[in-house]
Amino acid sequence: MSDIKENYVYSREHEWAAKAEGQIVRIGISDHAQSQLGDIVFVELPQLGAKVDAGDSIGSIESVKTVSELYSPVSGTVRRVNETLLEQPELINEQPYEGGWIAEVEVEGQVGEALAALLTAEQYRELVE
Amino acid sequence: MTILKHTPLFSLYAEHPGIRCIDFGGWELPVQFSGIGAEHAAVRERAALFDVSHMGEIWVTGRQAEAYVQQMTTNDVTRLTDGAAQYTLMCNAEGGTVDDLLVYRVSAERYMLVVNAANIDKDYEWLQQHLLPGAALDNRSEATALLALQGPLAGTVLSRLTDAPAVHGLAPFHFLPEAVISGCKVLLSRTGYTGENGFEIYANAADAPVIWRAIMQAGEPAGLVPAGLGARDTLRFEAGLPLYGQELSPAISPLEAGLGLFVKLDKDGGFIGREALVRQKEAGLKRKLVGIEMRERGIPRSHYQVYAMGRPIGEVTSGTQSPTLKRNLGLALLEIGYTAVGTEVEVDIRGKRLKAEVVKTPFYRRPLSGKGVK
Chain R
26 MSDIKENYVY SREHEWAAKA EGQIVRIGIS DHAQSQLGDI VFVELPQLGA
76 KVDAGDSIGS IESVKTVSEL YSPVSGTVRR VNETLLEQPE LINEQPYEGG
126 WIAEVEVEGQ VGEALAALLT AEQYRELVE
Chain E
140 MTILKHTPLF SLYAEHPGIR CIDFGGWELP VQFSGIGAEH AAVRERAALF
190 DVSHMGEIWV TGRQAEAYVQ QMTTNDVTRL TDGAAQYTLM CNAEGGTVDD
240 LLVYRVSAER YMLVVNAANI DKDYEWLQQH LLPGAALDNR SEATALLALQ
290 GPLAGTVLSR LTDAPAVHGL APFHFLPEAV ISGCKVLLSR TGYTGENGFE
340 IYANAADAPV IWRAIMQAGE PAGLVPAGLG ARDTLRFEAG LPLYGQELSP
390 AISPLEAGLG LFVKLDKDGG FIGREALVRQ KEAGLKRKLV GIEMRERGIP
440 RSHYQVYAMG RPIGEVTSGT QSPTLKRNLG LALLEIGYTA VGTEVEVDIR
490 GKRLKAEVVK TPFYRRPLSG KGVK
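Chains as they are written, first to last, in the working numbering: chain R, 26 to 154; chain E, 140 to 513.
It should be emphasised that the hints constitute simulated quantities derived from the structure, not laboratory data.
Hints are supplied without guarantee of correctness; some may be wrong.
To be verified - Each computed PhoX-like pair below joins lysine-lysine, with the alpha-carbon atoms no more than 25 Å apart: (1) LYS90(R) with LYS465(E); (2) LYS465(E) with LYS494(E); (3) LYS494(E) with LYS90(R).
Turn these sequences into a full structure, and let the hints steer you where they fit.
Right, dumping it as structure tokens:
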């Protein structure tokens, strides 16, 4: 049984997104996604300053066995990346919603609107269960 | 839809909540029970138990059994004594690899060939096509279960369940054709596919659950865990052992894969593919399997292209981050001019050319005594 945070929204590709300060949206991958991947050993982080559209591949996450693309759940500009993951990629396994966050994207329009296009916790639960 | 095949131990998998199964060549098999990293470490440091019942067992019997196996395989089967096994390969007439396998000699008229799961039907057909009078084939794959108990504590665990002196007296690549574990008759072999000390246990399919439970119970105090195909792959990779379909194929010869030690070109009676391999050797190999290590951040994976001087020179056959060594390593089949240790190459990782270097294999060698290294 995977953990789905109630106040987060989710993409069909198993990324989560949550509002941070101002126009900033923090993103990561869901508990379900990390458990499917298994031991994560390598993260290719998004490019700082890159302009991305929702659904763009912005990086990759590798477990011992597989490579998985990371898709941006929102459109905007990559403002911060979690560099701790370069040394400790296992944080994504251990704390997918906290220490394992991957990037922060500054959205241009309304944050609420960008997030409304994604799945609620309830909808995401239906998707994965 | 395809119906996936199950091993005789499938019903036991449900007892492990962390298990994840995959379709492996038509078989529904556990890729992991708890996590690949933990299972891998258990084999290097303690012990783990694998269900590898999907492997094929084809028996060859009869007065001409030895002559026949000799003709079908690249190694010299006449060097085997009763109770000994050898790693060997079957080649096609062009010198490409049909399969890699173990040959067990029970007696001069009785051999067991252990072949890769995905190749059972192909191998059987190939063997059938070249059958000699005086030799008979029996595909016992369905009726045979295979458990692999691997790791530095494997012998300790096993000696609690069977004749301990016999277990300790068993040399590598030797076997007991009629050992008993928990009242079940098995063929007990000191072999494995992990680069660690260990045993493989061939049993009747119906006995497999009893043996599995007995080994798990005997081993749990010592830290024995069940392990899946994921760890099996990373373990064999570190040990530089080839995986058919990646390092070996009908288009890759054993010589190119660096397995010349198991190809006896001058053995009595010859073998299928010998002439092609002699020619390949005389002309000089055009490509060879080597180890590579990334010098820039990235993990090499199967089929990634390898470049040097801006041009493609081969491809990665297997690659991962080595769980034991924490280094990003690969095996790659490269043009011969780029196979010297220390040669700088580039690996195309999803559109980026990242620096790598040819390094020595195997990546991991088991310490001669004592426990596994870090």
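Now the hints, each set against the structure:
Restraint check: the Cα-Cα separation between LYS90(R) and LYS465(E) comes to about 14 Å, which is no more than 25 Å; the hinted pair holds. Only pairs whose Cα atoms come within 25 Å are accepted, and LYS465(E) paired with LYS494(E) is accepted, the gap being roughly 17 Å. With a C-alpha separation of about 21 Å, the suggested pairing of LYS494(E) with LYS90(R) holds against the 25 Å cut-off.
Comparing the model with each earlier hint shows no violations; every hint is respected.
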